[in-house]
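Undergrad: These are the residues of each chain, in order.
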Amino acid sequence: MLTINCPWCGPRDETEFGFGGEAHRTRPADPSALSDAEWAEFLFMRTNPKGLHRERWVHSHGCRRWFNVERHTVTNEITRVYQMGSASEAAETAPAAEQAPATAAIEKQGSRS
Amino acid sequence: MTKAEFRTPTGGRIDRGRPVNFTFNGKALQGYAGDTLASALLANGIHLVGRSFKYHRPRGILSAGSEEPNALIQLERGNRTEPNLRATQIEIYEGLVASSQNAWPNVETDVGSINNVLSKIFVAGFYYKTFMHPQSFWMKVYEPVIRRAAGLGKAPVEPDPDFYDKMHIHCDVLVAGSGPAGLMAALAAAKTGARVVIADEQNEFGGSLLASRETIDGKPAADWVRDTVEELKRFPEVRLLPRTTVTGYYDHNYLIMAERRTDHLPRGLAPKVSRQRLWKVRASQVVLATGAHERPLVFADNDRPGVMLADAARTYANRFGTLPGKRAVVLTNNDSAYQAALDLADAGVAIAAIVDLRTQLGGPLAAQAKQRGIRILTNSAVTATYGAKRVTGVDVMTINGSGESVIGAPTKIDCDLVLMSGGWNPAVHLFSQSTGKLRYDDALACFVPNVSMQAERSAGACKATFTLAGCLAEGAAAGAEAAKAAGHGEGEVPALPSVERTEPQQPIRPLWVVPSTDLVGHGKAKHFVDFQNDVSAADVLLASREGYQSVEHLKRYTTTGMGTDQGKTSNVNALAILAKSLASPIPQVGTTTFRPPYTPTTYGVLAGRDVGELADPARHTPMHSWHVAHNALFEDVGQWKRPWYFPQGSEDLHAAVRRECRAVRSSVGVLDASTLGKIDIQGPDAAQFLNRVYTNAFLKLEIGKCRYGVMCKEDGMVMDDGVTTRLGPNHFLMTTTTGNAAKVLDWLEDYLQTEWPDLRVFLTSVTEHYATASIAGPKAREVVAELAPDLDMSAEAFPYMSYREAVVAGVPARIFRISFTGELSYEINVPAYNGLYVWEQIMRVGAKHGITPYGTETMHVLRAEKGYIIVGQETDATVTPQDLGMGWVVSKQKPDFIGKRSFSREDTSRSDRKQLVGLLTEDPNEVLPEGAQLTATADGHPPIPMIGHVTSSYYSETLGRSIALALVKDGFQRMDQHIFAPLGGKTVKCAVTKPVFYDPEGVRLHG
Amino acid sequence: MAKYSIFSLVKNALSHHQNWDRAWRDNRPKDSYDVIIIGGGGHGLATAYYLAKEHGITNVAVLEKGWLGGGNTGRNTTIIRSNYLWDESAALYEKSLQLYEGLSQDLNYNIMFSQRGVLNLAHNLGDVREAMRRVHALRLNGIDSEWLTTEQVKEFCPIINDSRQVRYPIMGGTLQRRAGTARHDAVAWGFARAASARGVDIIQNCEVKGIRREGGKVVGVDTSMGYIKAGKVGIVAAGHSSVLAEMADIRLPVESHPLQALVSEPVKPVIDCVVMSNAVHVYVSQSDKGELVIGAGVDAYTSYGQRGSFHVIEHQMGALLELFPIFSRLRMLRQWGGIVDVCPDASPIISKTPVDNLFINCGWGTGGFKATPGSGFVFAHTLAQGQPHALNAAFGLNRFETGYLIDEHGAAAVAH
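Residue numbers (numbering that gives the first Met the number 0), protein chains in the order written: chain A, 0 to 112; chain B, 0 to 1006; chain C, 0 to 415.
Check each hint, because a few of them may be wrong.
Said to hold, decoys possible - Incomplete in silico selection of chain C near chain A, CB under 10 Å:
| id | residue |
| --- | --- |
| 1 | 247 |
| 2 | 250 |
| 3 | 254 |
| 4 | 400 |
FYI, nobody ran anything at the bench for these hints, they're computed from the structure.
Where a beta carbon is used, it is the ideal one built from N, C-alpha and C, also for glycine.
Turn these sequences into a full structure, and let the hints guide you.
TA: What follows is the structure, encoded as structure tokens:
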């Protein structure tokens, strides 16, 4: 049971949220311009990394807002939570978190708001 | 009475003034309040408690705690019976009924012990090597025999009369364990004002201190425990939970604890409280103070009843006033057993000898023992044990220089108790569950916590700190640090209580297999590693020899550590023997991972109240009570209860549905459609949004008009359908199918927020805000007109696919002239709280027309007559709108909408896909079964190529014959051809038709 | 390799079991192999075995980064069945079931395939409709399957709760009598032993770190034991498929999720078949040791941690007790998770890749164990011939471009 720090509501149990898969996959502006292979890439292909994963969550049983989470897929440590639309910023700052000690992030997360 | 000979005259934590009667294997016995079943049995001189899993060897009580592998009990009978309970953890209560298990006819004379005779063949993994010929014998002979031998205790045969509960809590510091380290940790954290939870699996707090004769602050340890617990109780933010096992440690410091609330009480009292309670804890910080388990020694025939862990015997004497024997031999490789020997000697047990594997003695405990005249044999091993159902003596021999063998002649020592100590394993289970990384400590010969992965810290014996002073200090420090990390205090460590000085211990000598006269596996003797599963050192070596050399292979091949004790006493011994066989250091061979739960946890408490009526919420429409009162049978659609049909008198489904269909087609019927999803869509870009999510155009939908729409996923497959109505320039009401309502809303919200955040649109689920009655049939207009006298109901003023607001039966309502039956039809939405009232008014007004309530089954028949699809019945995530013959709902003009791009893929654009058609059987009374597969030819033998299947099939009262819808390969090109439905016994010939069977021009609809 | 039998057991007992051969040779890698299989689970070992047996290709190495069978082979609920809806799936899983039926004898290793029947319960009208569709399709595909009424369900599994008064009463079920369970570890060990006997090198603790290509063609793999040349490479590493594919710059339509399972303490036999319920999300059988083996659900999020969230287990327990109220006082002994590759259509990929001589077998989702021999059989063919076998022709990577998906989701919305 993860604790997810909703940017709107604060830390809540995972069961309040829905998982939306890989983040920063933007629907092509003009799908008709794509080849079948390019369309399949958007439709089905996933990065599925072992390590830090930027992914989408929705606070289904709360504010119903979608947001992005960066989570380590082995430790489940959540290193970042950020709002939709701040994609480029996330990409720049992401790797630094990899070395952060596991407990620090959890303490940060677990602290009461 | 318990036998005085097995009780100390005084002392212990039992209440000698409160005798407790119980039975064991039918024999009436007595213990005292405060006894466990194990201590009470020992007090009655009973050691033989059970039989082992494979060889059915007599087994006694090994330990005094949750690590017990042997003394497993079938507790109680009837609906409260429970298998596999550890006698060492059962608190006795008046009337307790305990039985041995896995023995027939009884534990004294067990036929299954024939397996012991064959044990030379029944070695690890023997079943993988045989029972293969003849092939047919496996299911008929071999496996039934194996299965008959399976299992230990018996499952109940009746439902559980008790109930269970759950609690959800947050805390700053959770302390697992209440020994010296745990109590000090809780105290230190409590003093900072932190919210503290301290839990312990035992009935009272104190852990090892309850069996200790040490003093703290100059008073007996147990008194210090009592005072400390009292002090903790005075902190308002501290919660103390005895009889509560911290059993699972999950990600993000989420832990579960199982509390036993009534298990220590006589059975059958009125259940006023839950039997057990599951605590789900989100802890900011965790302190693990879970203690340590003493390790058995692996020596020849180390499994006889009367062979016991040394510290367990000490616990029985000190805590329970019970003497597990009269004359003991102690076998040890470390100092701690000396304390046990001294305490037992003081309690009145003769210590025949201490056999120490180590070559020389040192330390104060050994000196004390020597001083008291206890015979100590160093560099010696117990090489044999005697006695069948109780140990009667041992052979002791001198160990040779390598430690691999023994020399000289055996000395036989008579005894009725053998105490062993192979060192201590820190209870790192929760640490390991938290994904913490272990380290092997060579000096201590055990695994210790190394790298924490979560916000936890270990203190005391679970971190291999074995002195009292050390445990108290570590606990205090851990509690203070944990509180600080949780935002309380500055990490100040409270003053530590004073204790007696303890001398450093002499090093352990880890001889993982105690040498004996024969090589392991060669003689008759067995050196058990896992007592419960009968895994011996020879089995470990065999597995290693055969290449099962990963620890996991070893566990799986030999089953070591896979018993109900989860290897608490066996894992490290097995690993070490494996390492030795590979001539590799232990850490290189591996460690074992501990998985939740720490001790087995009832399914009842895991389920809590989520059973029976609360298994899943049931959603009822506002008219539900009316349906119940009118004899409706219900269909589960998702969580909704929908009326399925309304039988009258002795009608069955078919009779009722025919009547309901007749009513709708000839007069008027009414359906409770409240369960359909309703999504309120508002905003300046609402029309644009709908235009992107539906396959058809929505930009130009006029205010007051309704439009049917289909949604596809990006893969082009139909996801949902429904009618959307424009209520205003920037305001729409979407309906969805009942089952997909939540999914559609989530999906729309996803696109809106993540793909098109520039669109100004707001979505609100209003499904439960409105009650919906769908009035259908030629007389529908008259019924609605009477209820809404102010509304112009003429076909011109209120045409098909339009919407009006009106007052219906005095209630403001939304009326949609839409139809799922093919009849003139109005869907009336009123506020939910008026739903029942308006429904009753509809019935009242409709009575003169014979208005008939109908359910989902009639709805299905009526819509099938019109060829209307049901998502999930005509579709299955592989069907496009075009496949359904609904190309008309797919816009050719819109440059893009969800799913459009996928239509042009190679497979999706094929013209011979499975397509929706109608089917008419030759015999009009033959109703095809739904799900029947279709073939192009009438005969053949499997595998027969299938060209499709029947999606819907009914007897149509309207048409006086059966009808069916089907998805058929290249179906559009098969019109008027014949295809076949092979049904096993017979093959039904059907004609392919268009899927609209009734009123194809839609005259009735528009009427 | 000495044959296993009751006679060899007795003979070895006389020599204190000192003379047993290793079950499989534990090799160090050679410089070069005709075929390298990445992944020493059941599927990889089966592939190696059938390469040797069916195609005479024995210069083969199986590289396993940990211990054989340590992935999903050793973490599943051991159910074997072939009652799949779509023709392509049914044919593949049926091939596998047929191989299982003679596997103990073929491998000379008792994998304890116990054909005690798998019962799939229906709890609502939609389930019933779906079940009937499946029964009809299976029958025409020549696969045994029958519909049981609620009364027949009760007769087949007497401890099941057939009360009408529960939240989701049982409305019947489908039964495949030839389906059942097998000893999962034994499948890996049996294939390893038989493959090793035919000359296959089995290399444990050998992690693949890179896949080398030259001119669009695979030439070898870099491993923790050094570089190994290969004529062909097959990736069979469920859970880690994406990680390995990425080494060859291939993207997959796969997500890795934890799938959880649990067992009870062993009790005397109480349930003699496998019971599955998709609608209430639970499946249960009893092992030959007496443990109730219970399958739970998939965690929503992707993960490579072989553990899951407690609430997934918790959610299943209510459903379990609804079906089997007498289990309430029994206890969960152990829970664990495996990492499953999930494809968008819940069907596997057994395919060539854009890189010549590199092949992949993945995406089995929650259903891999039952497919083990069949998967190995067709993947061996694919590797040997460079072309798919008829049974896996439809399971290519290209289906995600053409749209020819084999969507088993519609039929089995939850883990099976």
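Undergrad: With reference to the structure, classify each hint as holding or not holding.
TA: Cross-check of the supplied hints:
1. 247: Hint on residue 247 of chain C: violated, closest Cβ of chain A at ~14 Å, above 10 Å.
2. 250: Constraint on residue 250 of chain C satisfied, holds at 4 Å.
3. 254: 5 Å, holds
4. 400: 4 Å, holds
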